[in-house]
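Student: What follows is the residue order along each chain.
2 protein chains.
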Amino acid sequence: MHPLDEAIELQAAAPNEFKGATHPAYANMVGPFGGTTAAQLLQSAMLHPERLGEPVALTVNFAAPVADGEIRFVARAARTNRSTQHWIIEAHQAEGVVATATAVFAVRRETWSDVEAVMPDNVPAPEALPRMPVKNMPAWPERYDMRFVEGDFPAFFDEQEQTHSRSTLWVRDEPARALDFASLVSISDSFFPRIYIRRRRRALIGTITMTTFFHADSTLLAQVGERHVLGVARALSYRHGYFDQTGELWSPEGQLLASTNQLVYFKD
Amino acid sequence: MHPLDEAIELQAAAPNEFKGATHPAYANMVGPFGGTTAAQLLQSAMLHPERLGEPVALTVNFAAPVADGEIRFVARAARTNRSTQHWIIEAHQAEGVVATATAVFAVRRETWSDVEAVMPDNVPAPEALPRMPVKNMPAWPERYDMRFVEGDFPAFFDEQEQTHSRSTLWVRDEPARALDFASLVSISDSFFPRIYIRRRRRALIGTITMTTFFHADSTLLAQVGERHVLGVARALSYRHGYFDQTGELWSPEGQLLASTNQLVYFKD
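Residue numbers (this note's numbering), protein chains in the order written: chain A, 241 to 508; chain B, 241 to 508.
Be aware that one or more of the hints could be misleading.
A pair holds if it fits inside one copy or across any two, identical chains being indistinguishable in the list.
Subject to a maximum C-alpha distance of 20 angstroms in a straight line, what follows is the list of computed EDC-like cross-link-like pairs (lysine to aspartate or glutamate) [as the list claims (entries may be wrong)]:
| no. | residue 1 | residue 2 |
| --- | --- | --- |
| 1 | K507 | D354 |
| 2 | K375 | D385 |
| 3 | K507 | D398 |
It should be emphasised that the hints constitute simulated quantities derived from the structure, not laboratory data.
Values in this document were obtained by computation on a predicted structure and should not be read as measured data.
Kindly generate the complete structure, drawing on both the sequences and the hints.
Tutor: Have a look at this one:
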């Protein structure tokens with residue numbers, strides 16, 4: 241069983257309630273990698289007997305540090321329409337709510353379609369780039385095969401301020417795993433904090449909210465399979481303790497799979 | 241009293257509960273303008289006696305059509321930390337939940353700050369541009385003074401497909417009103433549907449979720465006052481019944497006030 245599938249495994253505990261736990265394979269410096277928590281929140285709606293269609297949008301609010309151990313998920317369909325469904329989800333631990341989420345699920349139809357965003361061009365193939373070393377990192381980056389085109393995690397925090405916060409990289413689960421909504425939302429949170437790329441100095445940071453729009457349906461995700469997706473992330477603004485991160489995840493064929501935005505607390 | 245202040249007026253009805261109503265000055269084709277509903281959802285946390293600090297992020301999920309008339313708002317602080325607070329908010333009407341929201345409030349501190357996003361340059365001043373005519377439009381666009389630089393609402397739906405969905409415009413409340421979080425979140429939803437700009441043909445559309453990050457605090461908003469803000473909106477992807485809209489709102493001095501993303505249902 242893939243460690244991500246172990247990490248998002250949930251047991252139905254009561255109506256609207258599921259039990260899960262943090263997984264050592266996705267440990268961060270303190271507590272778990274937020275991407276896994278986001279995937280668990282989504283999974284509680286995915287597994288719910290009332291679930292309609294597939295996710296099109298997910299907002300996760302990281303309300304408090306998640307402690308290693310059990311997490312109780314409460315997922316409630318606030319509204320079910322003919323082709324859309326709105327979820328409110330909470331993650332609880334002994335000391336209270338640690339995360340909240342809203343999700344929109346939908347049954348999609350074929351329509352006129354077009355991608356306006358522009359995928360970076362002249363990007364070397366993943367095979368032509370080295371995998372980012374994960375030595376001395378927490379467990380979770382070991383669970384990703386990341387190959388940076390630009391804006392890599394600084395080898396040294398040399399405090400040489402860069403002109404921008406942009407990163408472009410190929411990324412997939414490690415070991416390889418067929419892409420699905422759970423892994424796509426985890427990957428949405430796998431970009432390193434933009435302030436590290438920009439300032440190359442340590443800062444206390446914490447994502448407080450992340451919204452991912454799924455432009456892909458399960459059929460398109462299945463076409464990506466176990467291959468890398470191209471991630472692009474940048475920051476629009478750093479101001480008074482918060483910065484944002486805006487990201488895109490592309491299929492190798494140039495389909496926009498997801499766009500993701502997060503707001504991050506920082507202390508300098 | 242400004243019509244926006246009337247529209248977001250709420251009466252405390254019970255612990256965590258407020259009563260408000262749709263306002264004819266912000267009527268859409270059917271039901272109210274979503275921006276006003278978003279501002280009401282935010283306002284229920286703003287007015288709550290437990291509120292800490294100022295909003296930094298708001299996600300609104302438009303779960304069902306809002307009927308003209310009374311709306312009951314239920315706002316609950318799911319988690320209050322030392323400097324951040326997480327809200328879950330629901331809007332109810334007789335037939336059920338019509339909108340849900342999560343909001344993050346925070347007490348900000350001065351830190352290193354920088355804007356990386358680039359404000360469009362060579363933009364004429366608002367005074368040098370004509371106001372968009374609002375004849376034959378629903379009530380809500382009359383409540384905005386919009387002056388388009390590019391990507392205006394098509395005068396005719398001539399079905400001439402455009403190469404992109406980008407709009408750039410100056411926008412302020414009409415009548416003029418000092419900018420605050422309520423008006424900023426309403427303006428976040430005031431961009432016309434990207435598919436109208438792109439395809440110049442009618443389509444049934446409905447925003448299903450919108451996330452706004454507030455990069456500005458109240459001090460910066462007060463500096464904008466009653467002047468126009470510069471709005472920029474575009475679409476990244478149209479696919480299988482949904483498209484996104486990504487927007488920015490800039491102060492005349494080039495401060496990024498808010499960035500906003502929404503996912504919109506469409507039927508072609």
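Student: Which of the numbered hints above does this structure break?
Tutor: none
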